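There are 2 protein chains.
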Amino acid sequence: MELREKEYEQLAEKMKSSTETYHGPLLHVYHDRVILPNGHESGRDYIKHLGAVCVVPVTEDGEVIIERQYRYPLDMVITEIPAGKLDSPEEDRLSAAKRELEEETGYTAGRWIDMGDFFPAVAYSTERISMYLALDLKQGERHLDADEFLNIEKQPLETLVNQVMNGEIVDIKTQASILKAARILGV
Amino acid sequence: MELREKEYEQLAEKMKSSTETYHGPLLHVYHDRVILPNGHESGRDYIKHLGAVCVVPVTEDGEVIIERQYRYPLDMVITEIPAGKLDSPEEDRLSAAKRELEEETGYTAGRWIDMGDFFPAVAYSTERISMYLALDLKQGERHLDADEFLNIEKQPLETLVNQVMNGEIVDIKTQASILKAARILGV
Chain A
1 MELREKEYEQ
11 LAEKMKSSTE
21 TYHGPLLHVY
31 HDRVILPNGH
41 ESGRDYIKHL
51 GAVCVVPVTE
61 DGEVIIERQY
71 RYPLDMVITE
81 IPAGKLDSPE
91 EDRLSAAKRE
101 LEEETGYTAG
111 RWIDMGDFFP
121 AVAYSTERIS
131 MYLALDLKQG
141 ERHLDADEFL
151 NIEKQPLETL
161 VNQVMNGEIV
171 DIKTQASILK
181 AARILGV
Chain B
1 MELREKEYEQ
11 LAEKMKSSTE
21 TYHGPLLHVY
31 HDRVILPNGH
41 ESGRDYIKHL
51 GAVCVVPVTE
61 DGEVIIERQY
71 RYPLDMVITE
81 IPAGKLDSPE
91 EDRLSAAKRE
101 LEEETGYTAG
111 RWIDMGDFFP
121 AVAYSTERIS
131 MYLALDLKQG
141 ERHLDADEFL
151 NIEKQPLETL
161 VNQVMNGEIV
171 DIKTQASILK
181 AARILGV
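Residue numbers (the numbering used here), protein chains in the order written: chain A, 1 to 187; chain B, 1 to 187.
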């Protein structure tokens with residue numbers, strides 16, 4: 001622990017000034033001036049993000065509820081696990097995961113396993129995403145926003161692991177969450 | 001394949017206009033107006049990114065060369081595998097991986113295994129990162145940029161897998177790449 005504090009002192013950068021350079025519907029972009037460990041001044045561009053959650057919902061038959069969704073920056077329809085942004089930075093993350101799962105897929109889960117958090121872009125975003133494994137699923141009705149479009153499919157967890165390993169699944173939260181779930185469930 | 005083409009037609013959004021809203025040292029931010037599948041108009045904020053590479057360098061003893069690096073948006077020193085941006089979108093990705101590994105750690109590798117690509121933030125970034133497994137390592141001298149600061153450590157692959165599973169490793173490229181490498185190497 002003491003070693004880690006020393007490391008922080010050795011490597012940390014100090015903020016000199018912070019400016020919001022773009023405030024859009026989704027992205028809040030900042031440019032900060034910072035002092036590097038060697039005393040030089042430098043700039044840091046980054047996004048402030050509310051945070052998000054993602055869920056691997058697995059049925060009793062070992063199938064995963066996944067989504068096929070169009071992503072504009074990639075101009076591709078890709079395979080993703082259910083996920084969504086927090087409504088506010090203070091929102092309880094498990095509650096958000098339950099909401100997103102039900103809204104997007106119609107499923108609710110009787111058992112939730114916390115699979116930990118991750119940062120998707122440590123160089124340029126504050127976004128923190130919490131991963132959950134959802135078990136004991138019960139199917140209901142999904143209720144998407146009027147302007148939300150995505151298809152729901154079911155795939156065996158093993159098939160998805162293979163698609164992660166062979167590069168067919170390209171979304172990183174899906175890659176990491178599927179591999180974590182596979183380790184936990186022994187697939 | 002035909003099914004997937006139909007899916008694209010069903011879900012894709014059409015660009016109406018594109019505006020660069022911020023051009024910083026690192027981030028190029030765009031706001032596009034798009035037509036949704038239901039004919040409504042909406043906005044899409046996203047970042048255009050050159051692309052990047054990351055490397056899991058594993059020694060003959062099963063140890064991984066990792067970095068401890070300060071990340072300003074998180075205000076944390078975190079564990080990461082060696083990684084870096086492309087010099088240009090056209091740069092050969094394997095060459096970039098070789099360069100980043102040598103610059104940051106001093107190591108070169110005799111054997112490179114392509115572990116596929118991923119997108120870290122499909123909702124708001126075009127960034128595509130290629131993952132490599134580097135074997136048959138040879139230690140040399142590292143040569144960081146003048147304003148680059150990071151510490152190098154060695155950890156058994158098994159220890160890193162445990163740190164991914166228990167949430168100690170929070171960087172997503174490191175989580176996914178370590179779990180992929182572990183599956184490939186049977187750890």
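Hints may be right or wrong, so weigh each one.
Copies of the same chain are indistinguishable here, so a pair counts whether it falls within one copy or spans any two.
[Unchecked claim] Below, simulated DSS-like cross-link-like pairs (lysine-lysine); rule was C-alpha separation at most 25 Å, straight line:
{"#": "1", "residue 1": "LYS14", "residue 2": "LYS85"}
{"#": "2", "residue 1": "LYS85", "residue 2": "LYS48"}
{"#": "3", "residue 1": "LYS6", "residue 2": "LYS154"}
{"#": "4", "residue 1": "LYS154", "residue 2": "LYS98"}
{"#": "5", "residue 1": "LYS6", "residue 2": "LYS138"}
{"#": "6", "residue 1": "LYS14", "residue 2": "LYS98"}
{"#": "7", "residue 1": "LYS16", "residue 2": "LYS154"}
{"#": "8", "residue 1": "LYS138", "residue 2": "LYS48"}
{"#": "9", "residue 1": "LYS154", "residue 2": "LYS48"}
{"#": "10", "residue 1": "LYS98", "residue 2": "LYS16"}
{"#": "11", "residue 1": "LYS48", "residue 2": "LYS14"}
These aren't lab readings, by the way, just hints derived from the structure by calculation.
In this text, all values refer to a predicted model and were calculated from it rather than measured experimentally.
Here is how each hint holds up against the structure:
| no. | hint | result |
| --- | --- | --- |
| 1 | LYS14 x LYS85 | between (29 Å within a copy, 24 Å between copies) |
| 2 | LYS85 x LYS48 | both (13 Å within a copy, 21 Å between copies) |
| 3 | LYS6 x LYS154 | between (48 Å within a copy, 19 Å between copies) |
| 4 | LYS154 x LYS98 | within (18 Å within a copy, 39 Å between copies) |
| 5 | LYS6 x LYS138 | neither (50 Å within a copy, 29 Å between copies) |
| 6 | LYS14 x LYS98 | neither (38 Å within a copy, 31 Å between copies) |
| 7 | LYS16 x LYS154 | neither (50 Å within a copy, 34 Å between copies) |
| 8 | LYS138 x LYS48 | neither (35 Å within a copy, 40 Å between copies) |
| 9 | LYS154 x LYS48 | neither (34 Å within a copy, 32 Å between copies) |
| 10 | LYS98 x LYS16 | neither (40 Å within a copy, 35 Å between copies) |
| 11 | LYS48 x LYS14 | within (18 Å within a copy, 27 Å between copies) |
Hint compliance for this structure: hints 5, 6, 7, 8, 9, 10 are broken, all remaining hints hold.
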